[in-house]
Structures are given as structure tokens and as C-alpha cells.
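Please build the complete structure, drawing on both the sequences and the hints.
This is what each chain is made of:
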Amino acid sequence: MNLQHTPLHDLCREAGGRMVPFAGWEMPLQFSGLLQEHQAVRQQVGMFDISHMGVLRLEGTNPKDTLQALVPTDLHRIGPGEACYTVLLNETGGILDDLVVYDLGTNKQDSQSLLIVINAACSETDTIWLKQHLQPAGIALSDAKKNGVLLALQGPQATKVLERLSGESLANLPRFGHRQVQFYNLGAKDPSSVFVARTGYTGEDGFELLLEAEAGRALWLQLLAEGVIPCGLGSRDTLRLEAAMHLYGQDMDINTTPFEAGLGWLVHLEMPAPFLGRTALEQQAEQGPIRRLVGLKLSGRAIARHGYPLLHNNNKVGEITSGTWSPSLGEAIALGYLPTALARIGNEVEVEIRGKNHPATVVKRPFYRRPSLS
Amino acid sequence: MAFQFPDQFRFADTHEYASLDGELVRVGISAFAVDQLGDIVFVDLPEVGDLLDRGTTFGSVESVKAVEDLHAPISGELVRINESVLSNPDELQNDPHGEGWLLLVRPADPAQLQDLMDAATYANKVAVESIN
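As you go down the protein sequences, you meet chains A and B in turn.
Residue numbering for the first sequence follows this note's numbering, starting at 529 and increasing by one per position.
Residue numbering for the second sequence follows this note's numbering, starting at 863 and increasing by one per position.
The reader is advised that the hints may include incorrect statements.
Covered stretches of chain A (in silico footprint by chain B; criterion: 3 or more residues with CB under 8 Å from a CB of chain B, positions within the stretch not fixed) [claimed, not checked]:
hint: 1; stretch: 550-564
hint: 2; stretch: 825-837
Partial selection, computed: residues in chain A whose CB lies under 10 Å from chain B [to be verified]:
hint: 3; residue: Arg546
hint: 4; residue: Gly762
hint: 5; residue: Thr766
hint: 6; residue: Trp853
hint: 7; residue: Pro855
hint: 8; residue: Ile881
hint: 9; residue: Arg882
Hints are computed from structural coordinates only; laboratory data are not their basis.
Backbone N, C-alpha and C define an ideal beta-carbon position, used for all residues, glycine too.
Below you can see the structure in the form of C-alpha cells.
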């Protein structure tokens, strides 16, 4: 299979990126080293090429009302310039993908737009699913990224760096807020319009930027010159896992509901609007899910990886979905599913790692919380 | 990246090295293997007195990215393990050919060392692998 290249592919290689196949793309696994990149994002600032992700524009009369039929989160809680994290559900409440919905507001009379960012691996199936459900209601779907660049700038210094390069004040853009920012020095004669959102997948402050390919390449080089550390998929995974952010296809999939996956806070059953999976979720809300995603800490240094069995009294009771060595905590951490009765904080279970049983304790998620900003 | 491999070391296909140390053989993994693994967090080694069988698994090295089995480059009895690497995998990360050694083995047949690659052959092999 031919792997797709992002517009930053050659620049990633030049910056020392070790390229690996990922969801149909060739992407950097790491540059200077996973731990170094991880620390850069926690303590200073790092950047990720995430141009492999899907970005769709939904446009028409009240796209929010139409999309609402597919997601459990009340989309009317966000207004223009705001965004929210949510999931696409099927009829049984199973999760088809997770996504961020950005409200772009009204473009012209009777026409509003939303931007959604979806996983690369789900991009095709999501697009088909959304077209099938949204087009009959008159909502147009288009590729908002085209061959452009999606770049994540993450870390406590991200704001300062981006303010310096754009000449705009960004410190007061709230978390999950977004706006178009004009950059005057990204190579082109005319200023480049960049979609800037205060979102990310690292548990740290930062931004995600959507811009045209050439402008994106120029920005990548300017950020490098500013000392921003290029980061790969490896540190992206350790960072998101410390923040206990889910990885679709690993920590949740079509067979898990938001309640099971610890994403009950996304389900707004108090809103009157119907959505796909609502009946199934109402039932589960009443009875309680039989299993839950939990955070685990292991006492040793061995890593509990995806698919490793979780044991209680030597019986298999669940499985690890993600696990890593947490550079910030200096401990092995994991996410996994346990029967609800065992899913209490402080409960002791075991993980079978290559034939040996290792003790693990159920702990609160997230594992890492950034120092508060103000 | 260019690696330096000590002349007296012999190397297995699976990137373990063996080096004669008096009557014993010191075993570890090459700087190339360590570089490929990335940040090492955990080393699992057998116990002193265990018998190693050439080519079979004797332990594992785990990095944040992946876990790799270790294969015995020669057969013999395990005389000592590097305890300090177990609690401090950084030693393996920073100095795989020196402080980060893993095992001391009494070889069943010292001539087995001759079946392994010499440093120059191994350097060529990893140069080819690094291109990819």
C-alpha cells in the first residue's frame, strides 16, 4: 500500500524524524527522542505534524441541529468561536469515533458552519457516515484541510511563541476557543489566514493550527528556528496517556459506550434532543455499565501494553487498552476495562505481562494534571 | 548515525554482543539496538545459575515504544548479572558496551564465539539496516 505524505513530510525527515506507517500515512515516530520530546511539551514547547487527521466542514441551515442527531453532547452549549469534544455514536450507543466540533458561526444569511476534526484511521468511514446522515438534511460536507497542514503547538511556552510569530495577542483565547489569525510573514505576498484553536491532545496548554500547505511549511521552519522541539507519535502517545485522553480504536471502539469508556460527561441526557444511541444509553444510565475504563498504576517498571490480561484472584476479569512508562510520574501507567465492582479507586488487581503477574492499583484519572494557569 | 563497535566484541544477528573476559564471556546488546529501541525503562534478566542455550530467549528489554526479546549469543552458565542495570536502565541506555553490560557467562564452548560476526561485519550490517 502506498503511504500518504503530509505537506511537512520532507521537513520532518530533515529534522531527524524516524518515519513509520500510521493509519495509511508515513508519520514521524520520534525525532530527538521520546522522553526529550515529552519533557519539552511538559516544560517548554513542542510541535506535532498532525496533518494526517481529517478536517471536515459542515455547512448549511442549522448544521448543529442536524449533527446533534449523531452525538450525545448538547451542541448548543457552544457558540461561535467555541468548541467541544464529543463522540459519534451508533444505534446501540457504540462509539464510531471521537472528534472535536468547532462552531464557526454564520457565514451568510441562513447558513452556518461547523468544523470537525476526526481521526485519520476513521476519516473515510466517518465521512460516509456523516454524508449519509447530514446530506439529506441539506448540510454540505467538504474537506476543510485539502492538502493543507494541521499542526499542534503544545506546552507552557506555546502562547508566547505563537504571539511572537503572529504579532497577535492569544493569551486570552479560552481553552477550546478558536479564531482566524492573520500571519504576515509566512512566505506569501498576502497575509496567511490561520485557523487557531486552543485545543490539543497532550494535557498541556497549546494550540492546533490549520493552514495552507506552503504557509504551514514556512511556519514549521519558523517554529524550529524559535527552538520549538519537533515531536513524534511516540511522545504524542505518552503525553495523551498521562492526561488519560482516549485513543480511539484502542481505549474505545464500536463495542464500547461512553459510559463504559469513562466519557459519561459527554452524554447530556437532560437535553430533549434525540440522538442515535439515546435509548440504549438511557437504559445503561439506569442500570449502570457492567464494565468501566479505569486508570491503573503498576508497582514495577514493566509496561502493561494493549491486550494484556487484567486478573483478579487469578481469573481474567478484563484487558489493558493502553499502557506506557509515564515520564512525568516515573511510574508505569495504563488504562483498561474492569467489571464495575472492581473498578473502584484503590482496588488491587494484577496484570499479566509476558507470563508474570504484576500488581496494579486502580487510580484516579488523569494520571497527570498540568499546574493550573492562574 | 555512526556507531563505534569495540574490535574485540562479537555480534549476533539479533544485536546481542559477546566479549571474552578472562574465562568468562560478557554479554550485552549493541549501541545500535539501544538506539533503535529508544528510551529504555525496563530490563528483565534470568537468574544466576541458569543455563543459557544459544539462540534462545533469556530476557527482554523494554522501551517506552516496544519490548524486545534478548537471545543468548552463546551457550553457557550464568555466573553474574548486572544488578545495577535492573534498577537503573539508564546505564544500558548511555553505555551499552561498557557499564550497561547484562550478563557474565561461563561458556559451554568458547569456540561458539567464532560463529558470531566480528565488529566490522556487524558495522556493515547495521549500516545497511539504518538506511531504511
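### Message
For each hint given before, does the structure comply? Return the numbers of the non-compliant ones in rising order.
### Response
When the structure is compared with the hints, none of them turns out to be violated.
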